[in-house]
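Engineer: Chain by chain, the residues:
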Amino acid sequence: MFAWLKGPGENFRRPLPDSTNYLSSYNSQGRLWRSLESSPTLALDEEASDPPAESNPESKENPLQSQVVSEDKLPPEDKQDLKPFPVNSDFTSQPVLSEELREEIYDRVVNNGKSVKIASAELSVDMSRVAAVVRLKTIEKDWVKKNKPLAKAYSKAILEMLPTTPLTKFPMRPKMHESINDLPVHPATTQQIFEPTSESRSFTRIDASKVFDPELLPADERISHPELIELERERRLGISQEERIMRQRERAKKELERRESKERRRDEIEEATLKRVLPAERGGNGGRWEWRFREISVQDAGKDGRAPGGVGWRYGIPHEDRKKGHVKIPTRV
Amino acid sequence: MVVRIRLARFGKRHAPFYNIVVAHARYVLADTPAQLFLCSLVTIIVNRTARNSKPIEVLGTYDPIPKQPPDGEGKPFKDIRLDSVRAKYWLGVGAQPSDPVWRLLSMIGLVEPRYRPGQQAKTAKSHAPSSDLREA
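As they're listed, the protein sequences go chains A and B. Read in my numbering, the first sequence has 2 at position 2, and its numbers run on one by one without any break. Numbers given in my numbering equal positions in the second sequence, counted from 1, plus 333.
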């Protein structure tokens, strides 16, 4: 054991900065596999040519420790370096968003007013992740404003140990963080159905969704970014780039208008059912608050008075806001 | 037997929240002359319904803690949700609102306003001796 601690194990006492330090990255002599694999001639070639898009610039900049390889630059982490469990070769640790990329996401959504969808498509980060980053960054900035202590050292240490997706500057294409247009698995689609149809009938994904569940949207509409599919379809049809950009802008504009009119309609309905009573109307002069009466229906509570749409505190149902295993953060906004 | 429209307190400590409910009222048990005589000696009040027991109907809610308006404009507001059609029905069949509920219902014109902020001082003055008695 002491031989290992003084030999190969010495690497883990002083871990490599900005790199994963998993057991499987080192051979039995305690040498980095990737530093052994990259021969000096290859390293020279790499320096001469442009860095490849998927390489991690941070790990390239850092000099190797003297005991491993002297005066050379580390090659980027490969598959071998991302396997934390030597026996489980199927497990690969996935990259997390780098601090700069998270800042960029917040900047695009909050400061530039881009929609979560567009920011997600541009940076190839899942929509729910973009939304989460925006929420957490908002809290972080609020804490900074309030002079609350942040766990910066912890965050730095963790980010140095994990593979991260870096932020690429403009001329380079953004590095893909994850697949963003996956079809979510709807519970209705997990069953196996044998649906007899005639050969002459065209059976599309729209029909397939109807077979699973009459209420289910077709697969093309359930994905997060249907507009990317449309763009790719147009590209394959050979439509010129200017035309495609114009069409996409038009679509985006239409979508925005649709959403705005929907919101306006919702506000109008809400305003119509709302009755405001100001203190002056009650004969008082300049009270502290107003009363807002919202019209509801007692029928919403259902026959047993327990339907989720009903108004009012429920009877016979314990309030489980302090119980374990319940989601306490709002799941709908 | 009287049916009342009253508030039922729910919510947490320091965070009250009320259901506006229709429930049977408390009443004095006196059906026979003998009971009436007994009531003159000892008041027997029968609580038909506990405060938070299941009511006849939940007409709505009253959140007495003022909320800031979401758009940041105007005064803070107290949120009241009410099925006014059902409230009208219950008033029509003789349900009696409690004082706080009377105040709320009068704001949307379902009952004649009784408890106006301007009137309170007047009524307090006129009933000054009786209030002194009560204090004593």
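Honestly, the hints are just simulated from the structure, not real lab data. Please note that the accuracy of each hint is not assured.
[What the hints assert, rightly or not] Within a straight-line C-alpha distance of at most 20 Å, the following computed PhoX-like cross-link-like pairs (lysine-lysine) qualify: (1) K387/B with K275/A; (2) K114/A with K254/A; (3) K323/A with K117/A; (4) K324/A with K114/A; (5) K275/A with K421/B; (6) K79/A with K141/A; (7) K152/A with K137/A; (8) K137/A with K117/A; (9) K303/A with K387/B; (10) K156/A with K141/A; (11) K400/B with K275/A; (12) K387/B with K345/B; (13) K421/B with K328/A; (14) K324/A with K117/A; (15) K253/A with K117/A; (16) K345/B with K323/A; (17) K275/A with K345/B; (18) K408/B with K345/B; (19) K137/A with K148/A; (20) K114/A with K79/A; (21) K169/A with K145/A; (22) K117/A with K175/A; (23) K411/B with K400/B; (24) K345/B with K324/A.
Engineer: So which of the earlier hints does this model not fit?
Structural biologist: 1, 3, 4, 6, 13, 14, 17, 18, 20 and 21
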